[in-house]
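Construct the entire structure; sequences and hints are all you get.
Protein chains in written order, with my numbering: chain L, 84 to 748; chain D, 5 to 216; chain H, 401 to 888; chain A, 13 to 311.
Hints in this document: simulated from the structure, not taken from any laboratory.
Treat the hints with caution; some may be incorrect.
As the list claims (entries may be wrong) - Between beta-carbon pairs, the in silico distance windows are: (1) L:I688 with A:G70: 44 to 50 Å; (2) L:D276 with A:L98: 21 to 27 Å; (3) L:A711 with A:G70: 53 to 59 Å; (4) A:L185 with L:G567: 42 to 48 Å; (5) H:D878 with L:P282: 52 to 58 Å.
A virtual CB, placed ideally from N, CA and C, is assigned to each residue, including glycine.
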Amino acid sequence: MSPLFWLLILPFIGGLAALLDGRSKTRSALWALAGLTGALLSAAKPVFMVLVSGNNIAAALPWSMVAGPLELVLDPLSAFFLLPVVVLGPLFALYGGAYMRHYRQEGHWHGIHWFFYNLLAVGMILVLLTRNGLSFMVAWEVMSLAPFFLVLFHDREKTARHAAWIYLVAGHLGGILLLLFFLLLGTSGHSLDFVTFQPQLLSPGLRHLLFALAFIGFGVKAGILPVHVWLPEAHPAAPSHVSAYMSGVMIKMGIYGILRSIQLLGGPVFAWGMVLVLAGVSSGVLGVLFALAQHDLKRLLAYHSVENIGIILLGLGVGMIGISLGRPVVAVFGLAGGLLHVLNHSIFKGMLFLGAGSIQQQCTSLEIDELGGLKKRMPITALCFLIGSAAICGLPPLNGFISEFLIYFGAFQGQTVASAAAAWPLLLTLAGLALIGGLAAACFVKACGIIFLGSPRSTPAAKAGETGPAMYLPMLVLAAACCGIGLAAPYFFDLVRYPLAVLLPASLSPSPPFVGAVGRLTIISLVGGGVIILSLGTALIRFFLLRQRTVCRQPTWGCGYLYPDAARMQYTASSFARSITLFFDTILHSRVEGAVPGEFFPARIGLHSSTPDPLTRFCFTPLFSGIAKFLGLLRWMQHGRVQLYILYIVATLFLLLTALAGGWL
Amino acid sequence: MLTLMSLLLFLLVLTNLTLLGSSRLAFCIRTVAVQGVVLGCIPLIGLHPFTLQHGLLSLSAVVLKGGVFPWLLLRSLRVARVKREVEPFIGFSVSLSIGFFVLIGSVVFASRLPLAGHHNHLIIALAIFTMVTGLLLLISRRKALSMVLGYLVLENGIYCLGAAVADHIPMVVEFGVLLDVWVAVFGMGIAMYQINREFDHTDVDRLTELRG
Amino acid sequence: MSVVLLLFLLIPLAGIAMAMRVRRGAALFWLSLAVVLLDDLCLLVGMSDLPVCLPITTAGGWFYLDALSGWHLLVMLLVFTASSLFALVYFRADLASDRLSIATARRYNQLWLGSLWTMTLTLLANNIGLMWVGMEATTLVTAFLVSIYPKPAAIEAMWKYLIICSVGIAFAFVGTLLVAAALPSGGAGSQQLFWTQLMTTGGYNHLLLKAAFLFSLVGFGTKAGLAPTHTWLPDAHSQAPGPVSAMFSGFMLNAALYCIMRHGAIVNHALGSDMFTGRLYIFFGLMSIVVSAAFILHQRDIKRLLAYHSVEHLGIITLGLGLGPAGCFAALLHTVNHSLCKSLSFFAAGRLGQLYGSHDMDRIRGALRNAPLWGIALVGSLLALIGVAPFSIFISEYLLVKAAIDRQAIAVIVIFLVGSGVIFVSALGHLIPMAWGEGQMLSKKHCSVSAVIVVTVLLSLLLFLGLFLPVPIRNFLDQAAFLTGGVQ
Amino acid sequence: MSLVTVLLTLSLAPLMPGVINRSKAVFAGRRGAPLLQPYFDLGRLLQKGVVYSDVSSGMVQLVPVVNVALFLCCILLVPLGSLPALVHFQGDFVLLAYLMGLGRFVTMLGALDTGSSFEGMGASREAFFAALAEPAFFLAMAGLAKMTGALSLTGMLQQITVEHWLHAAPSLLLILVALFLVFLAENARIPVDDPTTHLELTMIHEVMILDHSGPDLAMIEYAAALKIWLMAAIITSVLVPSGSSPLWLPFFLLLMVILGVLVGLVESSMARLRLIRVPQLLIGAGVFAGLALFLEFAQ
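Right, dumping it as structure tokens:
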């Protein structure tokens with residue numbers, strides 16, 4: 084039996100076992116974990132082979148769908164996206180097993196949760212492997228359906244139910260567009276098998292339409308602005324390992340879909356690259372701005388997923404522009420940056436969500452302004468979270484910087500050689516990336532600083548302690564991966580060599596730019612290592628300097644107040660971000676309830692600020708309620724008077740007969 | 005024989021206009037009965053060569069529509085103790101005049117109907133007129149009973165149309181149709197009885213609990 | 401072989417007769433289950449090699465089974481089997497507490513078998529007049545199933561159902577008459593109105609035939625619940641007891657639609673193209689989808705919700721009929737999917753309605769916690785109903801869109817997708833609180849074996865058909881679709 | 013030879029603040045502190061002990077270490093005058109910018125570590141203004157890259173020739189202005205920040221390191237000096253004509269001094285901007301750089 088078959092079937096079996104054995108939290112989790120580990124083991128060899136050799140692995144399952152037998156193909160692109168699916172799945176499951184243990188829901192059948200967790204994995208694997216429009220759509224829908232039940236794990240909370248609703252609605256409406264995409268594309272080859280598509284037969288206008296369909300349809304899943312609205316709802320509602328899996332891995336399927344559809348459409352044109360860049364800039368900048376305005380940690384992280392998807396799109400957009408301009412350097416660096424950022428983001432965003440989960444477990448709250456001082460209480464979690472934050476801000480010597488550097492360089496190289504018309508999206512990329520980087524840094528200084536530093540702002544935060552090893556080991560692994568990719572960039576860079584080749588047209592050879600890139604990345608890794616070594620050195624010097632000096636600890640200066648209450652006088656997340664959110668208030672429209680004290684002896688005053696998603700507020704909610712109003716007009720039909728019901732029949736008949744007599748039928 | 009036929013047709017028109025015009029339920033029931041008898045006779049005269057089957061069919065039709073139905077309906081009228089008034093939405097004079105115009109219209113319409121080989125346009129016209137009358141009764145009357153009457157008149161019209169246009173409807177089907185009509189009226193009678201029991205009125209337009 | 405057809409007609413009658421003798425309430429329900437199972441047995445034994453053995457003719461050509469009616473027969477038996485099984489669960493409590501007297505139970509089961517008989521007659525009739533007789537009889541028999549519990553609302557619903565459908569079907573008879581009138585004059589004989597005959601003769605009067613089709617479409621369409629003549633449907637479905645509403649929207653509507661298919665085939669055959677019927681099918685299909693979308697959006701009663709879903713899905717089937725052979729294939733596949741799915745959902749709704757003592761969706765909360773089995777049934781069936789993969793309705797809707805795209809009916813696709821999108825959003829919005837929401841806690845009731853069987857079998861069938869379409873079924877559907885198209 | 017860069021930078025960096033302060037004093041009509049004052053300060057701080065807030069959790073101690081280490085690495089990446097940088101490769105300025113970003117990141121976290129709201133304010137402002145300064149810097153770099161066709165810092169700064177001045181003087185000037193504004197913002201000078209005030213509410217950089225003392229403070233100050241020196245070097249290297257005439261070194265140093273004096277002139281001639289105005293200044297810098305690019309593409 085082909086390994087691809089096992090890859091597909093093992094997690095499913097694990098899920099089923101978990102479902103049947105679902106009363107026990109531990110055993111069901113172990114079943115799921117076993118299934119996913121099986122998938123990892125069976126995937127390891129083929130994925131490695133494909134990524135280093137660049138050859139496809141194919142297998143056919145005897146299966147009579149409407150579309151015929153089920154063809155599975157593992158090409159480098161699929162293999163690259165498969166990597167996080169199979170590697171992170173078990174890690175998160177391990178974490179989740181421990182994380183779920185403190186949910187004391189009596190009578191809750193935990194098997195359901197784990198079944199759908201594995202089903203999600205199966206769905207993603209099938210999405211990556213299948214090569215037929217229909218089976219792709221089925222797999223896609225399964226993949227979209229599974230998280231619906233995962234989000235509903237806290238089904239007693241209204242927010243979770245609302246989130247699940249928004250999530251599935253978004254997924255389904257996106258799915259409709261994808262269905263149209265495949266069917267319309269299928270008309271070119273009279274079959275939905277990817278190999279039979281003949282995009283060159285389609286008119287340019289239709290190709291643009293198809294690209295639009297695919298871009299929006301997959302964009303919903305990827306969380307591209309403005310169709311990102313399900314992310315900030317679903318991620319906070321789901322259990323943390325699920326948010327990690329969704330935000331780290333599942334939304335990347337949208338990116339995979341976009342790349343695959345561009346490949347199926349026979350390579351990009353300049354306009355598409357431009358669209359990707361524009362979408363990337365808006366998602367990136369607005370995503371990070373929305374994130375800044377949040378003070379629920381998981382919501383904040385969710386918006387950062389939007390931002391990072393934006394960065395990925397920037398990279399891919401630069402690559403597409405490079406392809407359409409016939410510039411191998413631009414193409415390779417852009418695409419490589421985008422692809423590598425897919426991998427990196429799944430690592431650090433996954434870790435950050437796990438960290439959020441640990442905090443939630445220990446402090447029973449994710450309201451940033453109620454936390455604080457956790458670095459002393461949960462040192463390992465804090466360390467991992469800090470590393471993750473630095474990585475997501477794209478700071479050297481961590482992995483985030485590597486991918487962003489590639490994108491920067493692609494854009495730079497492009498704008499020096501391109502004409503004015505072709506250069507402006509690249510310059511936009513540069514400015515956008517820089518702004519995103521700065522704001523992201525601000526946002527994560529806020530998050531880490533307020534959560535882990537200073538003194539605790541609530542009693543649960545003060546009582547918090549470190550989590551068990553089952554929960555921090557996965558985070559440590561991921562943190563190590565962040566540093567590893569940063570410090571051994573050239574080797575990991577090789578991962579994207581063949582996935583790139585899938586997307587590049589034959590006319591562009593990736594080899595020369597690759598050599599240059601490897602050289603630069605080597606230096607960068609060395610400098611990164613240098614920073615670490617030098618810091619150690621300076622730390623040593625400082626240690627010797629301070630050895631014979633007086634080192635004393637004093638309370639933080641209480642600003643002259645008589646009884647300073649350090650915890651309550653601290654800067655909060657909202658106040659930290661205030662200056663920025665004020666500046667961008669035209670975009671954010673933050674709500675502030677409460678008032679500032681006016682009179683001489685002010686009474687107790689509460690101040691609360693919140694920033695609901697502007698697009699939901701000002702775009703989608705009005706739209707949906709408008710449709711509802713319009714359809715409400717039809718409801719007078721059913722008024723209950725049987726005579727008029729009969730009149731309907733007669734009238735219909737009469738109209739049809741007149742139409743017939745008039746020759747309109 | 006033609007004179008007899010024209011007499012029957014005249015009766016048919018008369019019954020329809022009476023139904024549109026009259027206000028007493030019992031009287032309407034009897035009128036419908038008369039109409040049934042009239043229609044039962046029409047096929048016997050002139051349309052087809054007389055056969056045993058046709059005779060049987062007409063006979064049963066006459067018995068059913070002239071005898072059984074009125075008896076059933078009058079009985080339910082008595083049982084239900086409904087107010088004996090029709091209580092229409094549309095006034096009698098208005099519906100009468102509507103009926104008049106419909107009559108003319110259907111005659112005109114039937115005369116230019118492309119019925120190859122069917123030469124009895126007048127019967128078709130009156131069939132249409134009867135159907136429309138039935139629909140008018142169905143739509144414009146308040147009482148459950150008068151709706152049943154409307155349904156009966158509609159059926160009569162269709163029966164008449166069938167007699168006129170379709171000369172090869174098998175007997176089995178004809179009888180099946182009759183059976184169905186009979187069951188239908190029977191069922192409606194029971195329904196009226198139940199309505200009367202549950203609501204102690206048979207005002208159909210007050211049955212508007214179920215909406216939306 | 402051909403004797404099997406007669407058996408189909410005889411077995412229910414025998415059941416009705418036997419029901420006279422039975423003295424115990426539960427036994428009556430077992431009896432009708434046994435009858436239906438006997439029918440199934442006939443199908444399995446007599447026509448094990450479907451669809452190869454088709455067409456079958458018997459009784460001098462009066463009864464006739466081809467792929468189209470065979471397919472519907474299959475669906476009918478599925479629905480009736482499931483519903484009869486469910487009836488055991490549904491009426492158990494009332495039988496125990498004498499809320500359902502023996503006499504009523506007997507009447508119920510006799511009417512139940514009667515409706516089985518009439519629908520079988522409709523399917524097997526070769527003569528379109530006889531087909532009409534069967535359809536009209538269906539109305540009359542089933543009307544009293546609606547008001548088996550004589551509540552005021554039930555009686556109101558029954559009255560409306562009776563009147564509206566009688567009038568509608570009367571128009572359908574006009575249609576039948578006009579078909580006869582459109583025939584070339586001369587050739588007499590009782591064979592004239594046999595469908596097999598009509599599909600071979602030529603020289604119709606086209607205008608009359610078209611008029612005939614309009615009458616049949618509106619007439620049978622009233623029974624099939626196509627907007628705007630669907631008005632009786634939500635009332636009857638919401639007031640009838642669970643198994644009955646399941647049978648209504650599970651098969652009775654399809655039976656009416658089946659009659660339309662027959663007439664449409666004749667017209668297509670006579671005109672030599674499906675342009676005329678196609679346009680009408682598409683118009684009524686889209687109309688039903690849009691209207692039902694409006695009512696599903698603002699709905700509070702769960703059974704009415706499901707009823708409007710029936711309007712929607714019958715609309716989808718009709719739409720498919722208008723989209724050529726591929727469309728007909730999709731429509732017929734959709735028929736079985738919808739019937740399975742809708743029976744299951746009505747079972748769940750009926751049972752939950754009993755448990756919560758109300759059909760108000762604001763009262764039904766947390767079904768998954770209170771009654772896991774029926775909660776699962778509700779969630780599964782509703783998700784399937786709104787076209788979530790991997791359930792089978794997704795496949796048939798996919799095939800439908802494919803057919804529309806191959807016909808380049810872009811406007812149709814847009815309206816269809818927008819309508820179904822709205823329905824998805826609102827139905828999901830209704831489902832989530834019902835299944836997961838916070839509400840009154842009920843005392844856990846043990847669910848009987850038959851309940852488990854019904855739910856698991858139906859759900860797994862929905863999944864199976866969604867992931868896997870065996871070759872024989874495909875051939876069956878191809879034949880049926882070809883017959884529906886009617887164009888040689 | 014290129015070791016000279018390292019030694020020069022290491023030794024002369026603290027001179028820059030000295031020059032700036034001295035020139036400020038002169039413009040203000042005072043004698044002012046001696047030029048070498050920063051060296052004395054560093055020496056004195058190095059001999060002191062340190063005080064930590066009992067809230068702090070080690071992040072404070074990380075700040076000086078990382079900052080020094082970072083800017084030592086940055087020395088390797090920045091060319092001086094017509095000396096190429098020790099480490100130069102295509103796209104190295106991205107690394108440079110992000111290394112500085114890392115330093116800022118750690119400093120801001122260190123500020124939040126003590127839990128004092130003043131340092132919170134400082135960190136918040138620093139984060140905001142830095143985010144706005146980044147695009148300006150990168151656009152300016154893009155402008156240079158477009159002009160010279162080179163992609164490494166060394167290349168871009170040293171391939172500016174007289175022809176460029178003759179052909180593209182306006183865009184070059186715009187780029188220089190943009191870089192100068194970024195320089196002021198990054199190094200917390202007036203009009204963005206006033207290092208000499210003692211009203212914590214208005215400060216940015218100084219208030220972030222409010223709770224550092226002794227050797228830590230010395231290291232941070234030294235790192236800050238290095239930062240000023242390096243960024244100044246980037247600006248001045250644009251002006252140093254390429255080609256290795258032996259005269260380049262004095263010329264370069266002269267330019268550095270002039271730049272310091274210029275900063276002093278700005279600081280004594282204008283007041284600190286209100287914090288709401290600062291973003292407009294930085295966006296303005298970005299606009300200048302963009303304008304320069306526009307001019308280049310227009311040609």
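* Asked: Is it true that I688 (chain L) and G70 (chain A) lie within 44 to 50 Å of each other by Cβ?
  -> violated, 36 Å
* To do: Evaluate the given range 53 to 59 Å for the C-beta pair formed by A711 (chain L) and G70 (chain A).
  => Given a distance of about 56 Å, which is inside 53 to 59 Å, the answer is holds.
* When you take the CB atoms of D878 (chain H) and P282 (chain L), is the distance between them in 52 to 58 Å? -> The hint (52 to 58 Å, Cβ to Cβ) is violated, given that D878 (chain H) and P282 (chain L) are roughly 31 Å apart.
* Asked: Does the Cβ distance between L185 (chain A) and G567 (chain L) fall inside 42 to 48 Å?
  -> holds, 45 Å
* Assessment of proposed distance window 21 to 27 Å (beta carbons of D276 (chain L), L98 (chain A)) -> violated, 57 Å
Checked against the numbered hints above, the structure breaks hints 1, 2, 5 and satisfies the rest.
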